[in-house]
Amino acid sequence: MKYPLWENIFKRPTEESETVLALKGVPIFEELDTGELQEIERLVHRRTYVKDEPIFTQGQPGLGMYIVMSGQVNIIQSDTGGEEQLLAELGQGSFFGDMSLLNDTPRSATARAAELTKLVAFFRPDLFDLLNRQPKTGIKIITGVANVISERLRAQNKVSQELQERVNVLEQQIEMLHKRLRSEPPE
Amino acid sequence: MTDPQPQHRTISIDAGLLRALGKLILALLGLYLLVRLFPYLSNVLVLVLISVLLTAIFGPFVDVLERWSVPRSLGSLIILLMVLMIVGLAFRFLIPVVREQAVSIQQLVQSQQPAELMAKLEAWIESQVPVPGDIAISEQIDLPSRLNSFVGGFVSSTVTMLLNMVGVVTSLFIVLVITFLMMKDRRKLKRGIISLVPNRYFEPALNLFDKVETQLSNYIRGQLLDALIIGILSVIGLWILDIKYFVFIGMIAGIANLIPYIGPVVGAIPAMLVSLINNPGEPVMLLYIAIMFAIVQLIDNSVVSPTVMSKSVNMHPISVILIVIIGGNLMGAFGMLIAVPAAGIIKVTLEQIHWAMKHYKVI
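Protein sequence lines correspond, in order, to chains A and B.
Residue numbering for the first sequence is 0 to 186, as defined by numbering that gives the first Met the number 0.
Residue numbering for the second sequence is 0 to 362, as defined by numbering that gives the first Met the number 0.
Hints listed in this document are in silico derivations from the structure and should not be mistaken for laboratory results.
Among the hints, a few may not be true.
What the hints assert, rightly or not - Within a straight-line C-alpha distance of at most 27 angstroms, the following computed DSS-like cross-link-like pairs (lysine-lysine) qualify:
1) LYS50(A) - LYS117(A)
2) LYS183(B) - LYS139(A)
3) LYS210(B) - LYS135(A)
4) LYS357(B) - LYS23(A)
Claimed, not checked - Heads up, incomplete: computed chain A residues facing chain B, CB under 7 angstroms, no partners named:
5) TYR48
6) PHE55
7) GLN57
8) GLN59
9) GLY80
10) GLY81
11) LEU130
12) ARG132
Said to hold, decoys possible - Chain A residues, not near chain B, derived (Cβ > 10 angstroms throughout):
13) LEU42
14) ILE54
15) GLU161
Cβ coordinates follow ideal geometry from the N, Cα and C atoms, glycine included.
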């Protein structure tokens with residue numbers, strides 16, 4: 000603008016920012032309208048991590064979730080012997096640590112930047128603050144977290160059901176083998 | 000057989016130890032600078048501290064308004080205007096009564112009555128306690144003049160403080176502006192501070208900030224609510240006992256209650272003095288006053304405190320006495336009053352820092 004003095008300072012931004020677009024892509028926030036997403040944008044923290052820099056460490060109290068804006072994050076789990084196992088590689092648009100939005104249970108894995116990574120962080124205290132001020136928006140987010148967790152639980156149940164079926168088949172086969180071994184006279 | 004290798008004596012210094020030493024030196028330097036700059040910054044710090052306290056007390060009301068879709072800036076303005084209105088009304092109706100009672104107490108103390116009373120008291124002490132030599136106890140300790148100067152000084156300083164309120168308008172204005180901005184931009188300020196924290200300490204710092212903010216807010220509100228309830232109960236109790244100037248004395252008892260252990264005793268002394276001066280023939284009134292304050296304390300300890308106070312700030316009586324002395328040395332009577340709440344704030348903050356350092360394995 001040629002004369003910034005005359006700029007309307009009360010005018011709200013019409014274009015959706017990069018953060019709002021990123022939030023829109025996360026299932027937890029899918030029920031929120033643009034105004035509500037802009038409110039969340041005012042609460043989130045933007046952080047940049049260099050390669051191999053830890054974002055959080057296994058065992059620390061959980062505080063909130065992260066959304067990958069650019070770069071890559073590795074999720075790593077360590078066993079009691081200190082042996083590390085790579086659980087997931089998360090790229091742009093992925094999110095992690097969402098369980099911590101509900102309570103401060105210790106982190107089950109370590110998150111580490113695999114390259115120069117930009118993240119957006121949304122934390123439990125801000126969610127609780129939002130629940131206090133704007134209960135409707137807060138409840139939508141809590142419902143979103145519940146949906147994501149139930150989806151994961153459903154997928155987990157499916158996997159464990161399949162595993163159970165395979166275990167049952169294997170048990171039957173072992174039993175049959177047992178019977179055959181008992182019925183056949185030794186040579 | 001090979002020749003033995005020549006042995007070089009090397010001194011290896013642990014890098015961690017060096018870092019720790021560096022941090023210690025920095026911390027000591029910071030502390031030194033703080034102590035040196037304190038006289039220059041104390042006025043500003045007090046104004047900021049008052050604004051932080053006001054934000055902690057009234058911030059949640061802005062949150063409530065925000066819940067009713069009132070924008071934060073407008074909500075902050077409404078709450079501040081309401082507070083000013085309540086304070087104005089208190090000045091309009093309560094302060095004249097308090098001032099009148101304070102002046103009456105001063106006049107009473109300066110009259111002849113206490114001198115007679117003290118003479119009787121001295122005669123009684125002399126008959127009970129053996130005094131070496133021929134020197135009368137009155138010559139040794141000069142009770143009436145000491146009492147006169149103490150009570151007179153206390154009352155006149157209170158009256159002067161009340162009358163000079165106009166003189167602090169500038170400070171009040173600055174406090175109001177800072178409080179307004181803090182209430183309006185609380186989250187922006189918090190995010191601004193957190194953005195300065197390195198990635199390694201980001202989550203611990205945020206967790207710490209949140210916990211300290213919540214605990215302090217609860218603690219300050221609890222302390223003030225407790226003082227208010229004790230003040231009201233004391234006023235009612237003194238009114239029932241028909242003690243003169245019950246509003247003024249009850250208010251002192253409420254404010255004194257901010258100091259644990261010492262406060263309740265300090266609160267009871269003015270009531271006993273007034274009763275002693277007005278009804279010297281009825282020492283049993285002292286017992287009634289003591290019982291009344293004991294009942295108020297009982298209600299405070301069993302009902303009020305557990306309901307309104309944060310339980311995290313428990314201090315040993317010795318710590319309280321030492322803290323009150325330090326507060327008195329630093330900032331006089333006002334320092335004595337705010338020393339324990341300030342120490343409570345520091346204690347909560349340090350506890351939370353320790354929690355965060357332990358859980359995030361910083362230590």
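- request: Have a go at the GLY81(A) hint: is there a Cβ in chain B nearer than 7 angstroms to its own Cβ?
  value: violated (14 angstroms)
task: Let me know if the C-beta of LEU130(A) comes in closer than 7 angstroms to any C-beta of chain B, holds or violated.
output: Since the shortest Cβ distance to chain B is 10 angstroms, the answer is violated.
message: Just want to verify: LEU42(A) was marked as not at the interface with chain B; is every Cβ pair farther apart than 10 angstroms?
response: violated (7 angstroms)
query: Given the hinted pair LYS210(B) and LYS135(A), is their alpha-carbon gap at most 27 angstroms?
result: holds (25 angstroms)
- prompt: Given PHE55(A) was flagged as interface, is its beta-carbon under 7 angstroms from a beta-carbon of chain B?
  reply: Status holds, d = 6 angstroms.
field: Hint check, TYR48(A) versus chain B [nearest Cβ-Cβ separation less than 7 angstroms]
entry: Holds. Min distance 6 angstroms.
27 angstroms Cα cutoff - pair LYS50(A), LYS117(A): Judged against 27 angstroms, a Cα distance of about 11 angstroms means the pair holds.
message: Checking a non-interface call: every C-beta of chain B should be farther than 10 angstroms from the C-beta of GLU161(A). Is that right?
response: holds (37 angstroms)
Interface hint for GLN57(A), Cβ within 7 angstroms of any Cβ on chain B: Nearest chain B Cβ about 11 angstroms off; hint violated.
Restraint satisfaction for ARG132(A) [CB to CB of chain B, less than 7 angstroms]: Check passed: Cβ of ARG132(A) comes within 5 angstroms of chain B, closer than 7 angstroms.
message: Between the alpha carbons of LYS357(B) and LYS23(A), is the straight-line distance 27 angstroms or under?
response: Violated. LYS357(B) to LYS23(A) sits at ~36 angstroms, over the 27 angstroms cutoff.
message: Hinted pair, alpha-carbon criterion (27 angstroms max): LYS183(B), LYS139(A). Please report holds or violated.
response: holds (25 angstroms)
Against the hints set out earlier in the document, violations occur for numbers 4, 7, 9, 10, 11, 13 and 14.
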